[in-house]
Amino acid sequence: MGDRPAGVIGEKVERIGSRERLLGKASFAADIDLPEAVHLVAVRSERPHARIVGIDVSRAQHISECLRVFTAEDVPGRNRVGIIRKDQPLLADDKVRCIGDPVALVAAETLEAAREAAAAIRVEYEDISALFDPEEALRPGAPLVHADGNLLGRRTVKRGNPEAAFKHADVVVERVYTTAHLEHAYLEPDAGLGYMDGSTLVIHASTQNPHYDQKDVAELLGLDEGSVRIIQAATGGGFGSKLDLNVQGFVGLAAYLLNRPARMVYTREEAFLCTPKRHPLTIAYKSAANRDGRLLAADIRVVGDTGAYASYGPAVLNRVALHATGPYELPNLFVESVLAYTNNPTAGAMRGFGVPQIAFAHESQMDLLAAALGMSPLEIRLRNCYRIGSLTASGQELTGSVGIRATLDAVAPQYAAAVRERNGTVSGHIRRGVGIGSMMYGIGNTGQQNPATAHLELTLDGGVVLYSGAADVGQGSSTVLAQIAAAELGLQPEAIRTVIADTLLTTSAGATSASRQTYISGNAVLDAARKLKEVLLTEAADMLKFDRAKVILEHGSVRAVRDADRSVSFAEIARRCHKLGMPLKWQGFFDPDTTPLDLETGQGVPYATYAFATHVAEVSVDTLTGEVRCLRVVAAHDVGKAVNPQGVHGQICGGVAMGIGFALMEEFVPGQTESLKDYHIPSAADMPEVIPIIVEDPEPTGPFGAKGVGEPALVPTAPAILNAIADALGVRIYDLPAGLERVLQAALSARKP
Amino acid sequence: MPNDRDREIPESVTISFELNGKLVGLQVNAAETALSVLRDRLGLKGPKEGCGIGECGACTVLVDGLAVDACLLFAPQLDGRTVETVEGLADRETLNPLQQAFLSHDAVQCGYCTPGMLMSAKALLQGEAAPGRKAIVEALSGNLCRCTGYLQIIEAVEAAAAQECTGRDAKE
Ligand code: FES
Ligand code: FES
Chain A
1 MGDRPAGVIG
11 EKVERIGSRE
21 RLLGKASFAA
31 DIDLPEAVHL
41 VAVRSERPHA
51 RIVGIDVSRA
61 QHISECLRVF
71 TAEDVPGRNR
81 VGIIRKDQPL
91 LADDKVRCIG
101 DPVALVAAET
111 LEAAREAAAA
121 IRVEYEDISA
131 LFDPEEALRP
141 GAPLVHADGN
151 LLGRRTVKRG
161 NPEAAFKHAD
171 VVVERVYTTA
181 HLEHAYLEPD
191 AGLGYMDGST
201 LVIHASTQNP
211 HYDQKDVAEL
221 LGLDEGSVRI
231 IQAATGGGFG
241 SKLDLNVQGF
251 VGLAAYLLNR
261 PARMVYTREE
271 AFLCTPKRHP
281 LTIAYKSAAN
291 RDGRLLAADI
301 RVVGDTGAYA
311 SYGPAVLNRV
321 ALHATGPYEL
331 PNLFVESVLA
341 YTNNPTAGAM
351 RGFGVPQIAF
361 AHESQMDLLA
371 AALGMSPLEI
381 RLRNCYRIGS
391 LTASGQELTG
401 SVGIRATLDA
411 VAPQYAAAVR
421 ERNGTVSGHI
431 RRGVGIGSMM
441 YGIGNTGQQN
451 PATAHLELTL
461 DGGVVLYSGA
471 ADVGQGSSTV
481 LAQIAAAELG
491 LQPEAIRTVI
501 ADTLLTTSAG
511 ATSASRQTYI
521 SGNAVLDAAR
531 KLKEVLLTEA
541 ADMLKFDRAK
551 VILEHGSVRA
561 VRDADRSVSF
571 AEIARRCHKL
581 GMPLKWQGFF
591 DPDTTPLDLE
601 TGQGVPYATY
611 AFATHVAEVS
621 VDTLTGEVRC
631 LRVVAAHDVG
641 KAVNPQGVHG
651 QICGGVAMGI
661 GFALMEEFVP
671 GQTESLKDYH
681 IPSAADMPEV
691 IPIIVEDPEP
701 TGPFGAKGVG
711 EPALVPTAPA
721 ILNAIADALG
731 VRIYDLPAGL
741 ERVLQAALSA
751 RKP
Chain B
754 MPNDRDREIP
764 ESVTISFELN
774 GKLVGLQVNA
784 AETALSVLRD
794 RLGLKGPKEG
804 CGIGECGACT
814 VLVDGLAVDA
824 CLLFAPQLDG
834 RTVETVEGLA
844 DRETLNPLQQ
854 AFLSHDAVQC
864 GYCTPGMLMS
874 AKALLQGEAA
884 PGRKAIVEAL
894 SGNLCRCTGY
904 LQIIEAVEAA
914 AAQECTGRDA
924 KE
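As you go down the protein sequences, you meet chains A and B in turn. Heads up: the first sequence at position 745 corresponds to 745 in the numbering used here, and the numbers run straight through without jumps. Each number in the numbering used here comes from the position in the second sequence (counting from 1) with 753 added on.
For the record, the hints were derived by calculation from the structure and aren't laboratory data. Since the model is a prediction, treat every value here as computed from it, not as a measurement. Every residue gets a Cβ at the ideal spot worked out from N, C-alpha and C, and that includes glycine. Warning: the hint list may mix true and false statements.
As the list claims (entries may be wrong) - Looking from chain A toward chain B, a few residues come up when the C-beta cut is under 7 angstroms (computed):
| hint | residue |
| --- | --- |
| 1 | L23 |
| 2 | A26 |
| 3 | A185 |
| 4 | V656 |
| 5 | M687 |
Please put together the full structure from these sequences, using the hints given.
Here you go:
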């Protein structure tokens, strides 16, 4: 590393934004100084479910530096937010639905005064019986979290005749799996700053989706969209949480109504209390195979707790159902996933939208079936994995870029070596285990339009500016998009100037979610680049009096193929176009080819392309303490094409870390977990050796063949680790996280004769 | 915890210390944290607050060469010390070798942990001539990162350490 020349697609490139971060100069929202800004603190519910009888703000108003207390009545527009369903009040009106619900908002000259005033506000509640269990919430007669019922949604997927197939199967395995609430624990607590610029409300936000923020803030305030400008500040990770509004509505409300800049910075405790969590799921999974290991049927029923508000629950619901088989052919299938509202914290998007949870189940099942058949875990996966021509759970025929087999082949030698090593290492109470986890992941939103736009502008000095609404929250989309533009225009990525995620200057790229920006925004950028290239080539050919088919782009100029001296610079072309009144800014657009799903059978084309991956995990398990150490992870990912391989490695290593947390340590207990003190995420000391293997089965519709990797990086790790623990102990754990106690208990039961 | 210090009697103290090579002096509230003095009073936004309770390391600065959580330190404790923050690493815009190693190993994703990581790494490299991987992991284990999975950071520190070694050898 280190000395290869910076190149374009597939080459090492300096990540956009790293330099300023290394200098300590990147401005995260809390870093933006505006001395005249007022400070905001929310008053939050301590009750899980209660009617608001009254809010007494009189004592707060006597605090000298307290400027104003806002309640629901002060929200000038529609007091409801939510990306899929508008069911969440910015400030609670009639009732609170979970602990942490905002009831009032205090604006004060200092943070201390704002806190003091918030503490002085008295809210009178009348408790309503609260629900903490989704199954209970779905029982008839249960108290209602929302007036129209506690069912957030139900998705079914049906293929073939599972009942008949189960009868003819040689082995049937049926188990129940559970997972916990998880906290994203991005390192930057949510923060934002808002102010009026003339009649425009400007908000610097820590966000994954500025164009969505713009819409919801405008509607909250009763403004038109054009009067709200969202600028993404440097954002310290999101992982799905920052798809929902965090402080944008609050700073917008205060800045607009007070006509003064307003800032709000969550403490870590507040971020834990009131931002969305990963859905805890209960998964009843029954699957069957015949003697030679071919999967015949599955019956999968999932119930999940979506908490107080919808957030991204509907997306999780769909994704869980469609990914329930994993990357395997299953001709006979019944899947039902159901999410219910409760008075627990809202569960929303978290890296993978439910797929990490369901992958834990389908990969455990694969190992159980293999064991029942006396087959190796690798073999059963090879026999069932998708190939060209396979039909997915939704009946979609896979026609290209199906790299699951290639990822299995890629890890096979390491897997065999790990099994040999495990057999050779027996040392008392420390057991070694090896496990495999595979996955598929649909890129983009499920069965619905999710377009991206982008613009490329040629400036009069011959420079190229890329405009994209795609929020880069650390995953590196800006760099990848610049590489794609550069590759098409014969430039180095450094030569592209980027303007990113500012609703005034960029058009929507959709959310930074669903691992979609490389594929979807990448294609939009490519589309814009092709249009610009077309103009450059045509104009240059004319200027050079040369055959249009025989000129090429190179380093900011266009030249004759065989005659480097015959060339015109981008600047010359730009000036000529300008003189001719031709536009210099071109828009690109891409929307993946999908069809809506049948409501009853779940059949359709939900995604235009899928990423595939396989991880092999090696663990050691201390049977006396229950401590599991993940020693090595071999991670093979079919990303189509790695536009920025170093970035892909970074995603994989980060995904492995998060997977270790999910598998072994992380659990957010509503009402108990408060901060990083009692919610532990992996540190450097928890990291195994990671061997990333990039598999490139190019996606015909992807930009330069690329798909995506952000969420796939995480998905297979926990399944591989849990399979490795089962391999080490001979006893399986069905509930995540596999913390010390659960592992110890499993070890104890393994010791029993 | 600095968040709940509403009971304390504000008491003003004058302190002076060396900050990134320059002497600074100011009046602080005795209960103020070093982090808020650096960020809010002196305008150094490099050190970050990730938890405020000493769990994440985003606020790491060097005090007399040792890596400390600025969120746990009270401002008066800075008096008479030498304090270094991420802002002091580079020579204007020219990255120092450690920063350069982070850049070329792509050890920065969202970058929120980066200032703290750099300072912990710097403390290690100052104290130890040729730290092995184990020492590096240990030195960084108080700095949480949710994005990178640490490996590219560890490799960057290894590379910087190796470079420092060869640099020293060359001088000898
Ligand atoms: S902010 Fe100081 S350790 Fe987290
Ligand atoms: S790079 Fe995001 S927390 Fe480390």
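Hint check:
Hint on A/L23 holds. Least Cβ distance to chain B is approximately 6 angstroms, under the 7 angstroms limit. For A/A26, the interface hint holds, since its Cβ comes within 7 angstroms of a Cβ in chain B; the closest pair sits about 6 angstroms apart. A distance limit of 7 angstroms between C-beta atoms decides the matter here; for A/A185 the minimum to chain B is near 6 angstroms, and the interface restraint holds. With a least beta-carbon distance of about 5 angstroms to chain B, the hint placing A/V656 at the interface is held under the 7 angstroms criterion.
With a cut of 7 angstroms, the hint placing A/M687 at the interface with chain B holds, because the nearest CB-to-CB distance is about 5 angstroms.
Violated hints: none; the structure is consistent with every hint.
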